[in-house]
Each structure stands twice: as structure tokens, then as C-alpha cells.
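*Asks:* Sequence:
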Amino acid sequence: MTTTIIWTIAVITGLGLLLALALYLVAQRFKVEEDPRIEEVEKAMPGANCGGCGFAGCHAFAEAAVKAPNLDNNFCPVGGNETMKKVAAILGYEVKEKAPMVAVVRCGGTCAARPRINEYDGTASCKVKAALYA
1 MTTTIIWTIA VITGLGLLLA LALYLVAQRF KVEEDPRIEE VEKAMPGANC GGCGFAGCHA
61 FAEAAVKAPN LDNNFCPVGG NETMKKVAAI LGYEVKEKAP MVAVVRCGGT CAARPRINEY
121 DGTASCKVKA ALYA
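In terms of our numbering, the sequence shown opens at residue 1 and continues consecutively.
Treat the hints loosely; a few may be bogus.
To be verified - Pair by pair, the computed Cβ-Cβ distance ranges are:
#1 M101 with Y133: 36 to 46 Å
#2 V104 with F30: 45 to 55 Å
#3 L19 with G52: 37 to 47 Å
#4 G54 with K127: 38 to 48 Å
#5 F30 with H59: 16 to 26 Å
#6 A48 with V104: 16 to 26 Å
#7 T2 with F30: 38 to 48 Å
Unchecked claim - Only pairs whose alpha carbons sit at most 27 Å apart, straight line, appear in this in silico DSS-like list of lysine-lysine:
#8 K96 with K85
#9 K96 with K67
#10 K67 with K43
#11 K67 with K86
Rather than coming from a laboratory, the hints here were simulated on the basis of the structure.
Glycine included, every Cβ here is placed at the ideal spot set by N, Cα and C.
All chains should be modelled from the sequences, with the hints used to inform the complete structure.
*Replies:* Listed below in C-alpha cells is the structure:
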């Protein structure tokens, strides 16, 4: 019984080591080289991954900034001009100051300012809703 357990442990350990080595070799063989400036630009970004710049996140913005011939069409609204100065310094580009973007509500902002198109017919309390659908 003891030898069976020892052999089982030895075989599983050997398989684990062999498969780990295979995974390492495959990872080294198919490794994708990336421009090191992309990582530097990404570190200079605020890291919000908000998509406010029009890209999927800070990494996608960094890739686009490195590939672009200039930074005229790329701007991070979260980091603002200070972040763009850091990015420009890393990439060796000139950057123009841009006015900060601010969200503006262009309506009255009340229910009276908008026509009703439906009626809510549900619980009025979040506690009741949480108890029913927990």
C-alpha cells in the first residue's frame, strides 16, 4: 500500500514537472515581442481604463500613441495635459495644451422637463427589492 502511494506521488510529480517544462518551452517559442515604450507610456497613464480617450483602456491608448506619428488626435481626458506631457516626453513628441473637457447637462434635469413615456410599477424601497431578489 505504501509503495503504491509513493509511486502515485512520484508519477504525478514527474508529469507535473514535464508538463510545466513543456508549457515553458511553448511560451518561449511563441512569445510576442512588444515595443518597450508601450509599457512606459502605460505607466505614465492614470490607469483608470475608462475609455474616455476613445480606446478600450490605457494599454490600447499606449499602443496607439506609440504607433502614431504625433499626439494630435490622442488625448487622455482623465490625466489631462500633465499626463500628455509625460507621454510626449517618453515618445519624443510635441504636445499641444487642450482645454479640459467638462460634462454639461443641456436639459432642465427634472422629470417635469421631459415628457413621461412610461410608468414605473414596482417596489418603492431598495430594501424590499433586495429582500425579494436576494
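*Asks:* Determine for every hint whether it applies to the structure shown.
*Replies:* Cross-check of the supplied hints:
As the Cβ distance of M101 to Y133 is approximately 38 Å, the hint placing it in 36 to 46 Å holds. A beta carbon spacing of about 49 Å between V104 and F30 agrees with the range 45 to 55 Å that was offered as a hint. Distance hint check: the CB atoms of L19 and G52 are about 43 Å apart, consistent with the given range 37 to 47 Å. In this structure, G54 and K127 meet the distance hint of 38 to 48 Å, their C-beta atoms being roughly 40 Å apart.
Take F30 and H59: their Cβ atoms lie about 20 Å apart, and the range 16 to 26 Å holds. Under the hint 16 to 26 Å, the C-beta atoms of A48 and V104, about 21 Å apart, fit the expected range. At roughly 43 Å, the beta-carbon separation of T2 and F30 lies within the given 38 to 48 Å, and the hint holds. Note on K96 and K85: the hinted pairing holds, with a Cα-Cα distance of about 9 Å set against a maximum of 27 Å.
Between K96 and K67 the CA atoms are separated by roughly 18 Å; this keeps the pair inside 27 Å, and the hint holds. Note on K67 and K43: the hinted pairing holds, with a Cα-Cα distance of about 17 Å set against a maximum of 27 Å. Between K67 and K86 the CA atoms are separated by roughly 17 Å; this keeps the pair inside 27 Å, and the hint holds.
In this structure, every one of the numbered hints holds.
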